[in-house]
Amino acid sequence: MNKKLIGFCLVFLMAVAIIGPDMVRAEEPKEIKIGATIALSGRFKGIVGTFDKLGDEWAGLVNERGGIYVKEYGKKLPIRFEVYDDASKPENARKFYEKMATDSSIAFFMGPFSSFISNAAITVAGKHQIPMQMVCGNDEVLFEKPNYWRVGSLVPAAEEWERLVPIYKKKGGVKTFATLAMDTLHNKGVIKGFEADLKKNGFEVVYSAIAPPPTKNFAPMITKLRKAKPDVVCIEALSLAFTIGFLKQMREAGFKPKEIIVGHVTKHVIDTLGPFAENITGLAYYIEGDTQDHKDFLEVTRRAGFTWGEFMESGIRYWAYTRIKQTIETAGTLDRKKIMDTMWNMKSKIMGLDNYVTKEGYGALGSYPCQVQGGKFVSIWPLEKALKMHKYRNP
Amino acid sequence: MEIAVQLVIAGILQGGVYALAAFGLSLIFGVSDVLNLAHGEFLMLGGLFTFLLFSATGLNPFLIGLMMVPFAFCLGYIFDRLLMRPLAGKKEHIRLMSSILVTLGAALFIEDVTSFLAGAEEKGVDYTLPSFFWGDIFISYLRLLAVVMIAALTVGIHYYLKKTYTGRALRATTQNIRGAMLVGVDTHRIRSVTFGIGSGLASIAGVFYVVLLSISPDMGLGVTIKYLCIIVLGGLGSLIGSLVGGLILGLTESVVSYYTPHWGQTAAFLILVLILLIRPKGLFGK
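Top line first, the protein sequences correspond to chains A and B.
Position 156, counted from 1, in the first sequence is what the numbering used here calls 156; the numbers after and before it change by one each time, with no gaps.
Position 139, counted from 1, in the second sequence is what the numbering used here calls 139; the numbers after and before it change by one each time, with no gaps.
Treat the hints as calculated values from the structure; they're not laboratory data.
A virtual CB, placed ideally from N, CA and C, is assigned to each residue, including glycine.
Each hint should be verified, as a subset may be incorrect.
[Unchecked claim] Among chain A residues calculated to face chain B with C-beta under 10 Å, some are:
#1 V155
#2 G172
#3 G173
#4 A219
#5 T243
#6 D271
[Claimed, not checked] Cross-link-like lysine-lysine pairs, in silico, DSBU-like; alpha carbons within 35 Å at most:
#7 K286/B with K95/A
#8 K188/A with K163/B
#9 K71/A with K376/A
#10 K256/A with K226/B
#11 K89/A with K226/B
#12 K192/A with K90/B
#13 K224/A with K226/B
#14 K192/A with K71/A
#15 K226/B with K227/A
#16 K229/A with K226/B
#17 K89/A with K376/A
#18 K170/A with K349/A
#19 K33/A with K391/A
#20 K171/A with K391/A
#21 K267/A with K226/B
#22 K199/A with K229/A
[Unchecked claim] Chain A regions said to be covered by chain B (calculated; three or more residues, Cβ under 8 Å):
#23 78 to 84
#24 206 to 214
#25 273 to 285
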């Protein structure tokens, strides 16, 4: 009797284990839930700002219009983000994504901030076969190993600064460059690509250094920089403390190159440097336009309480949100495999720009030159506009 | 030659900034035998209030810093009164361990509350002084000010310890707590005063920090560890040791970073290990 009962229980449990998840999945969801971690504290906080709020405001805007249409259910479903603070640490991100992977109602993962943390997150997406739309992750290390369950939003890191070179080539007046990168995957990737691009176009790189993230004393590097006398000084760092420290010490040293390029200019950099920030050249993942996406993006940032120029990475997030929406509408289902197939194959327009994924998994969003003018970060792209608007700091 | 001079100057000036922040930590350890892991948080709070008042009033940040010293003193005094005094009667090793845990907890608490109330992003003050140039060599007046201040503080605190009643009581407490109690020194009050002075010094260092670099709520523990290394290098509890420790760290970083920025900090900590191998109690430790 007991053996029969135990046998029945075992068979029942096995049956539940096998068909249970499918039964749950087949149930019509009440909402589309997207799981993500963001660096709401820690060293990336300065660049990330309040992107959790940005996501909520975007979801709010979509939900005001009824939600996202899912053909399989014949109706629109509201969308919601479940966000955790990874404190700028990959181990935290991995832990939270693992936790969310146990929640069958999560339809999508959105990637965390930075290649460094994304590298930890994509392993969870791959392991549990949950679609992940990466946001701020474009270093080659993320795409070296095949992982079907993640796609990027951005072009490779090495191509991020490519739109700056034509400006200097057409405008003239500068020949020599110096670069300083913070030691992270992304920063090194960007500078490596930029230096190759400069050399290909006949410019000379007279100084190139990589410094660890906690660096506070930049005086030795600036001493060497002064000796090298570059026309342009480029600094690429995901930590604002690093960028601000370097620029303040440059000011102390009275070092005045013709041009300064800063990879990640945000409101905090401009506020902290005051007038010294004027005419710093940088890049943003945004180009001005007049599409519905532009209107929605500006509305969402307004509701979140900042402008695109204050947090130049906000454009990537809008791009990723829109990719998720388009993917669900195109796939017509929340089936994870079909969603992922669509993410790889979908071709569309976002903010008037081509949206696709390369065979390695990179996205199509690049960055566009901007400059601090009148205390604000303003877009100076396309090239004709840049040639008119761009100003050297010390001509 | 010019480069060598410039690197030495840059190293000394940077070392001065380090020493200024490490000074208070050393003083607290010298008197109370407490490794105050919340020291960096007091520095951060000094920088944060300077930032807030500078943004609101536009006053000179160093003037704001001076105005803040009494408040920082009171904060340190209360911190000791509420959190450290209950540990004072415990056995030495228990007191040391407990104080580490309590100050670590306090550091995390201050970090989270500050992050919640004032935001977690970087904050900095847009203030500078013109530097002095001699050919290719430059001296930053801002950093020179930090070195002058640390020199003045070393002399000032030296005289305070030698000439005033509280100073003598403080030294007596450091040397022999029971003896001090026997001759009528209120050792509890002396410890609280020391915490107050240490916090005041940290807040002044915070002003330099927010002017020269930037601050954020989560910076505290990182800087505390660095300053802990400085006072260990100089000898725990030795004021002159923290000054020399800061200068050694600054100079090493400066020279090595010139050739390879990546190894600047590592080299500085290697020096620390080497010195501790030769003199386990630090350069001026007894």
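- Message: Hint compliance check: list the failing hint numbers for this structure, sorted ascending.
- Response: Violated: hints 1, 2, 3, 7, 8, 9, 12, 14, 19, 23.
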